[in-house]
Amino acid sequence: MAASMKSLVLHAGVVALILALQFVLPEYHHGILARTLVLAIFAMSYNLTFGYTGLLSLGHALFFAAGMYGMGLGVVHLGLPSLAAVVFGVVCAGFVAAVIGFLALRTAGVALMIVTLMFAQAGWYLILYFGKWTRGDEGFVIAREHRQILGIDLADSNARYVVAALVFGAVLIAMLKLVESRFGKVLVAIRENDERARMLGYDVSAYKLGAMVLSGAMAGLAGAAYGIMFGYVGATFASVQYSILPLLWVLLGGAGTVLGPLVGTLFMTYLIDKLSEYTHAYMLFAGLILVLLTLFARQGIMGEVRRRIVSWLP
Amino acid sequence: MEIGPNLVLAVLEGALAAAVLTLTAVGLSLVFGVMRVVNVAHGQFFMLGAVLAWTVAHYVGVNPTVGFVAALLVAPLLVGSLAVAADVLVLKRIEYDPENTIVATIGMLYIIQQAALMRFGPDARPVEAPFNHRIAIPWFEYTDKGFSLYWPWGLGTTSYKLAVIGFAILILIALWLFLSRTRAGLIMRATQQDREIAQAFGMPVGRVNALVFGLGAGLAALGAVLIVPIRQAHYLMGDEPLLLSFIVVIIGGLGSLAGTVVAAILIGMSDSIISIFFSPTLAKVVSTLLVAFVLIFRPQGLFGKRA
Amino acid sequence: MTMSDRKPKLETRRSVLGKMGMGAAATAGLTALPGFVRYSQAASSEPIKIGFQIHRTGIGSSYGRWYGRTTEAAAKLINAAGGINGRPVQIVAEDDGTDPKRGAEVVEKLATEHKCDVAFGTLFSHVVIGSAPRAGELKIPYFVVSEGHHVASGMLNRYTLQPGITDVKSQVQAMAPFVASNLGKKVTMIYPDFAFGHDHRDYFSAAIEKQGGEVVAKIAIPPVETSFTKYFPKIPRSTEVVYHVMVGPAVLTFVKELGEFFGSSAPHLFGFIDSLEAVDITSPGLEFLDGSYFWEGNPRYAQKDQTSYDKVYREAVGVDANGASVSDPKDVSTYAHMFGCWETLYTIKAGMEACNYQGVGDRQKLIEAVEAMTAMPASNEHPQGAKLFNGKTHQVFGHQYISKLTDKKLVVAHTTSIEDTFYPDEVDYTKMSF
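Protein chains in written order, with this note's numbering: chain A, -19 to 294; chain B, 29 to 335; chain C, 823 to 1256.
I should point out that these hints are in silico values taken from the structure, not numbers from a laboratory. Where is the CB? At the ideal position from N, CA and C, for every residue including glycine. Mixed in with the good hints, there may be bad ones.
[What the hints assert, rightly or not] Which chain A residues stay away from chain C? Per the calculated CB distances, all over 10 Å, these:
| id | residue |
| --- | --- |
| 1 | 57 |
| 2 | 122 |
| 3 | 154 |
[To be verified] Taking lysine-lysine and the BS3-like style, the derived pairs with C-alpha atoms no more than 30 Å apart in a straight line are:
| id | chain 1 | residue 1 | chain 2 | residue 2 |
| --- | --- | --- | --- | --- |
| 4 | C | 1253 | A | 112 |
| 5 | A | 112 | C | 1214 |
| 6 | C | 1007 | A | 112 |
Using the sequences and the hints given, assemble the complete structure.
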């Protein structure tokens, strides 16, 4: 089987497995998994800029929030129907990513890290400043009647699980195709050595900006989906914490692998969930496990899998 | 308040913020410059300094001056030692790989924060300053009798705040002397400039790393001990200093201590001064964007070298 | 494969332990860990599980600690008196980290994994708003102890109620008459730039204007701010009263710096005790607060006219006459808020008894029973004072206390009537379907 066929079968298989699990899993896990799948989309968006293009952004919370608030404000203040609001959220996020990318990509390395962080912080303060419309840190609820898309009630946990799995699956396959495409390979070349890529004649700035915009739109999709599926829009999702979390998920799961973000997000979510059942000090143990992982799984979980077992893993 | 006195107050408050920020950021600058690693747990060393200061002062008991002086000596040493241990046990073993260091230090952040919550508790606790007197500051006004002094409502500072500013300056001078006049300082600067050549010259780069990490943490803890009588000790107080220190180090320019100091002063002051002219949250937006645009137009920072 | 089999919680945990190779000894060891769920000894029938969403970590942890102690004390007393409908009460606590995302997950966990009958206990507004939708979807009665106006504003759902603590709108507007007639009519407000702060700003401005007063300056402090002196120059000279309600770990700094700014020439001060919850009023640097006034949800210091109900409550929770822990006089409680947990638990009990609650099939009956409640007289079950519950808005109303800091103790100077705190209904949840 050709390598790309093998990959497609594997990734499609993962999605099929997730869909099949809903018949086996207890109800509690339906909810947790649905949330994790949407956040895994966010992690995948981060993987695109960080794992594949080598851009360390600390401002992705801004794109996630742009999608979430685009959708939320669209529903509540502009009266948009639900699906249109989600699309509006994605467009907002893409637009924000384009502007930020245009400005921030003039820098690189640690300077890029701080510039993106600053823009994200400014975004968070602005959400608070315009509290009259955004309700600031408290946030607002998306009423149940606005959470129906194409006849599906997103408040119903079974329907929601399927929708989350399908949207995640679509983005996963899209990432796979992107990574295997020419565009994706150029991004990897830029990550490895952007001077060389430039000398080979590639317009490195355009590729970086393209990666940023795509990544921003994907993060916005995750944000808009999260808001409409779980019914809450709030400034917490624009805070620094949500710029650090996708970085953590991607590094844990394996940066530069397509399945890595899902694995990382699942791992952290279940780690905290399970540990909190046994002790109040679950964050301490979570920290210990993170340290141990850096000592024993240097490339992240899927990165190690790729290194030691499945070398063709994209 | 009229603009004159308001500016004086803003400058004084800004100087205080800058003093503490300088100590914290210089610690990070050393770590960043010499070891080239992003230490996400740096803010937690700051917090530990404050928490340990409370603990020491609490146990030494009666006299606030004795308690404070004890804290000043003990807390940075303890925190520095903890940092050295963390370096030897973890960071060395992962060979300072940039991405893994980020994850490992995030892990350390969780561990330290949770441990502080468990031992210190969730409340903010005050530490008494060794001395604290309110000092009213006069200002000029021009009347038909000529210039005269008056005491504007609310314009003042405290003796302790001035002492912190002075003490921070002393520490910085001591640090500068250490780095430029001692052998250990020379080795540190050499390792920062070019690690491989330093190694080739037989310098114990591994030990330098551990010491620098310890020194960086100790300086942050020292800044925290100084500020804790003004701001209380709380287990979540490490998050903001982390952010600010990073901004300062990168705006100042990687590898330049002078840059870090200048940037800390600028950023400490600007926050205060900008908030005179804008509503508080808007002032934060403005300061944040200012930092971003400084870096966009000068990515190497103020004193850094262009890559 | 069959449809999802719902394993009872105990069996799932046992199988997990089995997989980890631990034996029964380890199970016994685990029950000794803090936070592990304990069965009460009072009655032998199946317990009523009350899910407790607690802020054990994060910014709300100071409050979470005392909410936990108060909840445990109330549950113990309820069980000693025979439980609810002859069944023991079991508190199942989960930490939400004062985070809205985690809060929604905790509600999910309490409802679907721990199979709790009801959930309660959330304090911080953004967590309440983030978690309430899930409670509504899961159709689990969700009793919040939050002080936020969100329940009564109609934003949430029919499953969310706040019967144990009054909301910020009613508290704030009840303060205006006292402030205007005793302290001054020109007010400068200092509040956090949070929705909670904005509520204070909006409701108090409207209320003081009705009294012929005026808010001369509104200073909104950005969140996570740690130094405040630079904002004080914005206080106009004409200010007669500074109204302050700061929350968070930096409040002590705020109060100290306020004192240092004004020195001896301060205007009148009116603050909300939120600024000093869990903080010892005798701490160094707070001397200048002497003589100033505070809103207290529940008077921290036992007053001359202390009711027997307050005595019983203090003894059960382990709090002395100064509002501090009996085992550590420096450990000051969050006295103005934690009573909400006690009263909410007793309200749940009253509701379950009124509708003869047997199991999760009776949840809607429970909500209807609580909606039917009106007057709640002062009693051991309601030690903060008499209350009036509004079934339509799901919000309770009660007395508010204004205290003066005199000789390092807070002495109640004025108690508002319950009517002082009323405002027009903004929603009627009873008209909504389940």
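- Given as non-interface: residue 154 of chain A, partner chain C, CB spacing beyond 10 Å: For residue 154 of chain A, whose nearest Cβ neighbour in chain C is about 25 Å away, the distance exceeds 10 Å, so it holds.
- Query: Is it true that the CA of residue 1007 of chain C sits at most 30 Å from the CA of residue 112 of chain A?
  - Reply: With a Cα-Cα distance of about 27 Å, the restraint between residue 1007 of chain C and residue 112 of chain A holds, given a limit of 30 Å.
- Query: Can the restraint linking residue 112 of chain A and residue 1214 of chain C be considered satisfied, given a maximum Cα separation of 30 Å?
  - Reply: Holds. Residue 112 of chain A to residue 1214 of chain C sits at ~26 Å (cutoff 30 Å).
- Message: Hinted pair, alpha-carbon criterion (30 Å max): residue 1253 of chain C, residue 112 of chain A. Please report holds or violated.
- Response: Distance ~28 Å between residue 1253 of chain C and residue 112 of chain A Cα, so the pair holds.
- Message: Does residue 57 of chain A clear chain C by more than 10 Å, comparing its Cβ with all Cβ atoms of that chain?
- Response: 15 Å, holds
- Holds or violated: is the Cβ of residue 122 of chain A farther than 10 Å from all Cβ atoms of chain C? About 8 Å separates residue 122 of chain A from the closest Cβ of chain C, which leaves it inside 10 Å; violated.
Consistency with the previously given hints fails for number 2 only.
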